[in-house]
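> Each chain, written out:
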Amino acid sequence: MFTADMISIDRATVSVALAGNPNAGKSTLFNALTGSRQQVGNWPGKTVEKKTGELSHDGRRLMITDLPGAYSLSAYTQEEIIARDFLLTERPDVVVAVLDAANLERNLYLAVQLLEFETPAVIALNMMDVARRQGLDIDLHELSRALRAPVIPTVARNEEGLREVASAAIGAMSEPTRPFSLDYGPEIEAEIAALLVEIEHSPSVAGHYPARWLAVRLLEEDRDIISRLARLFGGMALVERAEESRARLFATLNEDVDLMIADRRYTWIHQLASRVLRSGREDQVSLSDRIDYFTTDRRLGIPIFMIIMWVVFKITTDVSAPWVDWIDGVLSGPISRWALAALGALGLEQSWVASLLVDGVIAGVGGVLAFVPVLLSLYFALAVMEDSGYMARGAFVMDRLMNRIGLHGRSFLPLMVGFGCSVPAIYATRTMTSRRDQILTGLLVPFMSCGARLPVYVLFAAIFFPGQATLIIMGLYLLGIVVAILVGLALQRTLLPATAAPGMVMELPPYRLPNARSIRNQMWLRTRAFLQHAASLILLSSMVIWLLMAIPTGRQGEFAATPIEDSVFARVSAAVVPILSPLGFGTWESGGALISGLVAKEVVVSTLSQTFGTEMEAAGIAGGSFLADLREIITSFMAAVVDTLRALPGIIGINLTGEDNVAAPGLASAIHSSFHASSGGHAAAAGLAFMVFVLLYTPCMATIAAEKHELGTRWTLLSLFGQLTIAWLVTYVVFQIGVWWGG
Amino acid sequence: MLRDVLQAVETAQGPITLAELSRRLNIDPGALDGMLQHWERKGKLVLNSGSAVACNMDCATIQCACSMGAGGACCPFVARLPRSYSPANGTAGVQANTE
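Heads up: the protein sequence lines correspond to chains H and U, in order.
Letter by letter, the first sequence follows residues 1012 to 1754 of this note's numbering.
Letter by letter, the second sequence follows residues 7 to 105 of this note's numbering.
Derived from the structure by calculation, the hints contain no laboratory data.
One or more of the hints may lead you astray.
As the list claims (entries may be wrong) - Coverage of chain U stretches by chain H, computed from C-beta distances (three or more under 8 angstroms per stretch; other residues unrestricted): (1) 9-16; (2) 21-29; (3) 32-41.
Computed from a prediction, not measured in an experiment: that's the story for all the values here.
Just so it is clear, CB atoms sit at the ideal spot from N, CA and C, and this is done for glycine as well.
Only chain H is shown next, with the shape it has when bound in the complex (with noise of 0.2 angstroms):
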């Protein structure tokens, strides 16, 4: 049988095996004690880190091995096979157990597990000084009187208590105690003694287990456990014994045994801590946890979001606004100057390559590229949100909102996702467990705006709704939310029936500062992937546009010289223009814009760019010398330094610019002449619709591609039929309604 007595004492050589929670401080311990002496590798046939030391104490050779993290020994994670597999193996002659002291609740339940070993421990309690600041105090002696093992408190990473630990182990080993044993109570109780009966009787088995850990492990039914078992002599009874025991429970408990077990382990831990445990302040509150008392506040957390969120938007218009101007005045400037100017050398400047560079590639592609400073802007307030903790909260509160409309706690990271792009978003849906949950977030995703969108709501709201950008923008965001909700509701009424409203428990993370590095390269990957999609679909595009446009549809004229309003381009937009005229934008160029946007949606500001643009294009090229272009892009880039200095104050209210103005004057005028001429004077109404439209409307191709890989053809084609006519009826009725309020 294994006993504490089949210990060797009085050996030179110690085996010390350190165990504990991840966290905890084991590994500082262990490198505190060991030095520089120390042996790192693989455990067998894993890729786990293994690392032994030794420590020379008292005459003595302490071998100690640091044992993986882990949080129990029920061998369900590699890390705790490896450590239970370890003390059942190598039989270790003292366990040291780590406790995170100011996590002490959560860490005895290993050290109890540990301790039903039977092999001697010693408890160190570390991370004392960590406990300390925050008030709690400790009873040692009640804590050691319960476990029945020496406890030390120690403070690893100051070397503090490195000492008493190698003495208390060898002092555990010298002079073992009686070994601790948890009362599972009578019932359990009485099927463990028999257990021990029979475990007695098998001299095999009693060889190579623990005799009560192994009783106690058959009665929470550890498949690892019996696997072993069955291999040993006289293994397979004791299992069918231990399932006569576990039925016998069951009957009479009315309960899973294992359940019992744990439930009896977690409740006198409880009991204990709440003996040893003294908090010496009143308030135990933390600061993070006083902050979320408002930020999850089921009444202030939205109006909270709200605000958060109106400061997002505000930095994402009002501080790139002088960027994106300057980025727009140096590409349809000097760089197109330059461009022509270069062509002109080859003796091209009058052929269809100077227009294809021009009105194509710098008209279509800087059209877009003019907005990276805005997508900068929001990357970097989104990546300060979700560094420093809030995005947790705000998440937290969205859930609590798309809650009910029975939408599942896991339906959030992809409605989250669509902020970003909705293609990786439905992807994200295949991670729901039901496929009811599944069908219902992927028909929202298209809803949330992703931030491909966000350049046309820059463009449009600058030109129709100066100084009110900001408040326009979010407004879209949370039209697309309220769309999605009303949306949801309508769906779990009819072809997706509510299923009861899962609760959900979300550990926030404590707020913290952002860390700098962490900001920049969640800008950069974010904005580094807009560049790219520039860099390819949007510039292909561009150029299969200019061709449309270059195209003449009559016989007279000529390729890349015929007027645009007669191209291929504007006679297939104008196939949608008796839809869009009750939307108040029926023109070609809008329907043009709104049908190349299903390639991606940055495609409408550069679809945009290239039709209007190339009535500017004499103005806006027209220019100076080449030194003349390049005192204008510094002063202008000095210009744009202070206006966004000047913009500053505006995010806490104070208006020290005038109005926003991020689209190019003559872009601008040229869209807004276009809007009021097809709305019947209310521009506003139809600018403001056109968003709308853009908001609700298919993202793009790839989402439908994602759909139909993830919900099915038959879903795909109600979700795309869905979203042409929600888009197109709430778009009348804003329209309707903009017209009534006088825009």
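Got chain H; can you put chain U on it based on the hints?
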């Protein structure tokens, strides 16, 4: 205690924070986290590990700019959200596992 924790999650009307549940049940947040993990292991709760979700996607199938992420991040639009637990009962995937 364990049953109380599971029941509290299952009967919660919408999401609650770990700190809120800890106060409600008078259980230390760390210990409560351990109990939630226990129920996850038993298949009664599902762990939603936010940051891993979108990264587990097959990027080759995604036609947006998802393949250029650096530092292990597959998609730049991945939202880093905190861990959460939700009941597994009533969901198709879990039912299939238990049948």
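> With reference to the structure, classify each hint as holding or not holding.
Hint check:
1. 9-16: holds (count 4)
2. 21-29: holds (count 7)
3. 32-41: It holds: at least three residues are needed, and the segment 32-41 of chain U offers 7 whose Cβ sits within less than 8 angstroms of chain H.
The structure is consistent with each of the numbered hints, conforming to all of them.
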